[in-house]
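Peer 1: Each chain, letter by letter, is given below.
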Amino acid sequence: MGNWLYEKVLPLLEYVPYVLLGCVCAALIAALIYALVRRSQKKPVQRFIRDTLWGYFFIFPWLVGICIFFLSGVADSLLYSFYNLKLDNGLQLIPLTGEDAMGNTVYTPLANYISVFNKELNYPVTLANFAVSLILQLPVIIAFSLIIALMLNGKIRGRGFFRTVFFLPVIIATGPVMNQLTAQGVSSVPMVSQNVITSVLAGMPEFISTPISDLFSQLILILWNSGIQILIFLAGLQKVPTAMYEAAKIDGASGWETFWKITLPTLRSMILLNSIYTVVTLATGSTNPIIDLIYNATYAVTKGYSYAAAMTWMYTVIVAILLLITFLIIREKKEKKSKDIWRRDVESAKRGMQSKKVRKLLERGKAA
Amino acid sequence: MKKLVSLLLVLAMALSLCGFAAADNALPELNTTDEITITFLTWDDFELTQALADKFHELHPNITVEIIQTTTGDCTATLTNLAADNNLPDVFFWLDLDPLLANPMCLDIAPYLEADEEAQTKLYSSLRRVGYVDGRRSYFMPGEFLPAVIYLDKAVFDKLNKELPPQDWTWEDMLDLIENMTDPAQGIWAYNFYMGPVTLGPVALTDNVLGEFGWDGENYHFDTGWVEMVEKQSEYARLGYQAIQGSDAYLAVVPDDMWPGESGHVAIQMDAYWTMNNIYTQPAALERGLQMVPYNAPLGEGTDEAGQFGWIDMVSISATTEHPREAYEVAKFLTWGKEGWMERANLYGTLTNEAGDKIYRLPGSLPMIEDDEVVAALSPLFPDLGYWNDWSDYLANIQNPVTFGGRTIPGFNTFIADFYHGSDYNGYVGIEAAINAGAIDPYDYTDKLNEAGRQYYTDAMKVFYSVYGE
Numbered sequence: 001m002g003n004w005l006y007e008k009v010l011p012l013l014e015y016v017p018y019v020l021l022g023c024v025c026a027a028l029i030a031a032l033i034y035a036l037v038r039r040s041q042k043k044p045v046q047r048f049i050r051d052t053l054w055g056y057f058f059i060f061p062w063l064v065g066i067c068i069f070f071l072s073g074v075a076d077s078l079l080y081s082f083y084n085l086k087l088d089n090g091l092q093l094i095p096l097t098g099e100d101a102m103g104n105t106v107y108t109p110l111a112n113y114i115s116v117f118n119k120e121l122n123y124p125v126t127l128a129n130f131a132v133s134l135i136l137q138l139p140v141i142i143a144f145s146l147i148i149a150l151m152l153n154g155k156i157r158g159r160g161f162f163r164t165v166f167f168l169p170v171i172i173a174t175g176p177v178m179n180q181l182t183a184q185g186v187s188s189v190p191m192v193s194q195n196v197i198t199s200v201l202a203g204m205p206e207f208i209s210t211p212i213s214d215l216f217s218q219l220i221l222i223l224w225n226s227g228i229q230i231l232i233f234l235a236g237l238q239k240v241p242t243a244m245y246e247a248a249k250i251d252g253a254s255g256w257e258t259f260w261k262i263t264l265p266t267l268r269s270m271i272l273l274n275s276i277y278t279v280v281t282l283a284t285g286s287t288n289p290i291i292d293l294i295y296n297a298t299y300a301v302t303k304g305y306s307y308a309a310a311m312t313w314m315y316t317v318i319v320a321i322l323l324l325i326t327f328l329i330i331r332e333k334k335e336k337k338s339k340d341i342w343r344r345d346v347e348s349a350k351r352g353m354q355s356k357k358v359r360k361l362l363e364r365g366k367a368a
Numbered sequence: 369m370k371k372l373v374s375l376l377l378v379l380a381m382a383l384s385l386c387g388f389a390a391a392d393n394a395l396p397e398l399n400t401t402d403e404i405t406i407t408f409l410t411w412d413d414f415e416l417t418q419a420l421a422d423k424f425h426e427l428h429p430n431i432t433v434e435i436i437q438t439t440t441g442d443c444t445a446t447l448t449n450l451a452a453d454n455n456l457p458d459v460f461f462w463l464d465l466d467p468l469l470a471n472p473m474c475l476d477i478a479p480y481l482e483a484d485e486e487a488q489t490k491l492y493s494s495l496r497r498v499g500y501v502d503g504r505r506s507y508f509m510p511g512e513f514l515p516a517v518i519y520l521d522k523a524v525f526d527k528l529n530k531e532l533p534p535q536d537w538t539w540e541d542m543l544d545l546i547e548n549m550t551d552p553a554q555g556i557w558a559y560n561f562y563m564g565p566v567t568l569g570p571v572a573l574t575d576n577v578l579g580e581f582g583w584d585g586e587n588y589h590f591d592t593g594w595v596e597m598v599e600k601q602s603e604y605a606r607l608g609y610q611a612i613q614g615s616d617a618y619l620a621v622v623p624d625d626m627w628p629g630e631s632g633h634v635a636i637q638m639d640a641y642w643t644m645n646n647i648y649t650q651p652a653a654l655e656r657g658l659q660m661v662p663y664n665a666p667l668g669e670g671t672d673e674a675g676q677f678g679w680i681d682m683v684s685i686s687a688t689t690e691h692p693r694e695a696y697e698v699a700k701f702l703t704w705g706k707e708g709w710m711e712r713a714n715l716y717g718t719l720t721n722e723a724g725d726k727i728y729r730l731p732g733s734l735p736m737i738e739d740d741e742v743v744a745a746l747s748p749l750f751p752d753l754g755y756w757n758d759w760s761d762y763l764a765n766i767q768n769p770v771t772f773g774g775r776t777i778p779g780f781n782t783f784i785a786d787f788y789h790g791s792d793y794n795g796y797v798g799i800e801a802a803i804n805a806g807a808i809d810p811y812d813y814t815d816k817l818n819e820a821g822r823q824y825y826t827d828a829m830k831v832f833y834s835v836y837g838e
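Sequence lines, in order, name chains A and B.
For the first sequence, my numbering gives the first residue as 1, with consecutive numbering after it.
For the second sequence, my numbering gives the first residue as 369, with consecutive numbering after it.
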C-alpha cells in the first residue's frame, strides 16, 4: 500500500492547487466565451452567467493568490506529513519505512501520525484546554462585539471615529505587538485582581479553573480580537429594514423587545458567520498554545517538519469538527429558508412585540 | 649498507612525522586569491557587523563579506528557509541546536579549530570544545558572549547600611544576601531575576560543568544543587524576598508597576550584561537614583571548575560553502578572533548613530578569549559610573562561561519542553509548578530527571549520527 501511495498518489498532491487554478481559469474562460458568443448572436445570456461572471472576475486575483500561495503550501504540508523531510542541499523527501513482523522493510506513510499519538502526551491535554477556553471565549467575544456594534449603529456623535477606534486593534495588534502587550501585562483589566480570581477558582478542577483564569487574565486581548466581528455585525444591522422597527414602535414595542424579536433573529446568520470566524481566529492565533507546541515540534531534533505537519493536519481535523459543532448549534432552522420567511418573520415579530397593554386591549375588544 | 638504508628510512619517517605534526598545528593559508563573497547571517548590530566586515575586506581585499540581517525571533525560520532553498549562508549565527542536528547544514570545523593556535590557547577553556557534538567533530564555535550579571543596587545597600560584597564573592554569599536584604518597612525586596537561581545555581555549584543542570558532556546532574535551588527559588517567592511585578504587595509600593529591576526597590537584580548599556547607564535610571554595580555570577564555595552562566550565541559554517577556509577566517574575525576584537574595541568607542551620539556606553559584548591586549583595549571603554568604577576587578573574575542547554546539548529543548516543563507531576504540568505548589518532593525526581535527560540526549544523538554519519 505504502509503495503505491509513494509512487502514484502522493506526488500528485503538489499539483492539486494548480489543477484547481486551471479549472477555475477554464471555467471562467468558457463562461466568458459563452457570454460573448451569445451576445454576438444577439441571444440572451443566461442569468447565472451574466450575474456571476463579473463577481468571479473581480475575485480572480484572490483565487490565483490563494491557489499559488496558500493551497500550494497546504498541499505541501500534507505531502510532508507522509515523508521524513530533511534540509540537505534543498528539500529532500525521504519515504517513511519500518520493519514488519518478519523483519522486512515496509513503507509506513502514516508513521508520523502514529508517532504523534504515541509521543505527544501533552497534545490531547492542550487540545482539551483549547476546547474549554474556546467554549468560554466564544460567547464573550460574540456578546461584546454585538453590544459594541449596536452602540456604533446608533446615531451618536463621532460615530466614524469610534468605529475606527474599535477596528484599529485588528490592524495594529499583530503577533509581535500582541506578544509585547502580553509581556508588559496589559492583557488583563487592571482593577480585576488575578489573585482574587485564582483564590475563587481554587476548589475547581484544574481543567476548568485554568481556562476561566486565563479568560480573565487575557480579557483585554480577547476583546481586542473583536474588531472584525463588530464590522460584520454592523453590516448586518444596517441591512435590517427600518420599516420593521417603525412597525414595531407603532405597535408599542420597547427597545428591549425590539432587540430580542427583530434584531437578534435577523442577525442569526451573522452570529453564525462571526462564530466561525472567531473559532478560526482563536484556533490559529499567535497566543494559542497548540500553535506553540507545533512550532516547537518543527525544530525539535527527534520530531521535525514532517512530524509537525502531521500534528498540524490532526489539529486541522479537530478544528473542523469544532466548526461543524458550532455550525450545527447556531445555524438557522431549515423551514426559515422558505420564500415567505420575510413576511412571516415580520408578522410574528409584530405579534410578539405587542406590548402587554395593547394585547390586553385587543383581548378586551375581542371579548366585547 | 642495510643498516644505512634502515637508518635513512627511520630518519625519513621521523622527518615526515615532524612535518605532519607541524602541518597539523598550523592553520593552512587562505585557499584562493580570486574575488569571492562570503555571506554571513547575523542578528547582531548592523553598523558594527558591517564595519567589521569592511575591515576584513580591507585586510583581505579579494574577500567581500555580505551581511544578511535577521532577528533573534526569526533566526531559526530564516535559516531553515534558506537551507530549504539550497541557499544557506556561508557563515551563520543560530539560536537552536536541534534543527542543525536534524539536518546536515553544518561543516565539521574541528580541523580548523585544532590547527588554530589561537583557538587552542586563547578561547576560554569551557568554550574550546563547545561545538564537539560527538567528541570528534565540531559543528559550531562561540560567536558572541553576553554574561549573566548580578546587579547590586548600591543605593539600596546604603539605605540598609550594608556593605557591598567583594567581586570574588561566592554563591553562598549571594544567597545569604538574598535572605537578609528584604525590608518591607522601607519597601525593599531582596531580589528579582531574569534568569534565576534554578538556571544559574546548578552551573555555579557543579565542577567541570559544560551546560545547564550540571551537564558534563554526557549526563545531567539533577542533584542536591538543583534541588536546593529549585526549593530556594520557590521559597524566596513565597516568603516575599522576590519583587513580583503586578502583585498586590508590589503595587502598594510601586503603583505604576514599573519593572522591579529599575524600580529602585530591589537590592539584587539577576540579569544580563546588556541591561547595563540599555538601562542602568541611561540618564533616566541614573536620575532615579539607581546605582547598579555589576557582579559576575558567583561560583559555589569549594568548586574549582564550576561555570558562570551567560548568553553565548553560536556560529557555524555551512556544509555547502565553496570556500570553507575563507568562511572560517571570516567567522573567526567577526566573532571571537583577537584581530577582530582589537578592531571591535575601536568600533565600540567610535560608532555613532545618525544623531551623532555614541551607540555604545560600554562594549556591546565581551571577548571569548583570554588576552591581556584585548582587555587593555576594552578597559578604557567602560564608563566611570561615579558611584563605582572597578571594572578591571569585574573583568578579572569572568571564568568558565557556560550557556543555555538549547545551544550546546543535543535534545535539551525537547527534554525541557516535553519532560521538565511539559509532563504531569502529581496533577501539575511541569516539575517547577509542582514544587512551587508543594505537591512533590524534588528529591524523589532527581533520578527520573537524570534518566529522562540522558534518554532525550541519546535519541537526539541517534538522529545526529543518521544525518552526519557515524
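Mixed in with the good hints there might be a few duds.
[To be verified] Negatives, chain A to chain B, calculated, CB over 12 Å:
| no. | residue |
| --- | --- |
| 1 | 19 |
| 2 | 20 |
| 3 | 53 |
| 4 | 85 |
| 5 | 95 |
| 6 | 102 |
| 7 | 109 |
| 8 | 120 |
| 9 | 170 |
| 10 | 247 |
| 11 | 250 |
| 12 | 275 |
| 13 | 293 |
| 14 | 296 |
| 15 | 304 |
[Said to hold, decoys possible] Okay, derived cross-link-like pairs now, EDC-like style, lysine to aspartate or glutamate, Cα gap no bigger than 20 Å in a straight line:
| no. | chain 1 | residue 1 | chain 2 | residue 2 |
| --- | --- | --- | --- | --- |
| 16 | B | 830 | A | 51 |
| 17 | A | 119 | B | 827 |
| 18 | A | 119 | B | 792 |
Everything labelled a hint here was simulated from the structure, so no lab data went into it.
Glycine included, C-beta positions come from ideal geometry on N, C-alpha and C.
Peer 1: Against this structure, judge whether each hint is valid.
Peer 2: Hint check:
no., hint, verdict
1, 19, "24 Å, holds"
2, 20, "24 Å, holds"
3, 53, "39 Å, holds"
4, 85, "9 Å, violated"
5, 95, "15 Å, holds"
6, 102, "24 Å, holds"
7, 109, "19 Å, holds"
8, 120, "8 Å, violated"
9, 170, "22 Å, holds"
10, 247, "53 Å, holds"
11, 250, "54 Å, holds"
12, 275, "29 Å, holds"
13, 293, "8 Å, violated"
14, 296, "6 Å, violated"
15, 304, "5 Å, violated"
16, B:830 x A:51, "62 Å, violated"
17, A:119 x B:827, "13 Å, holds"
18, A:119 x B:792, "14 Å, holds"
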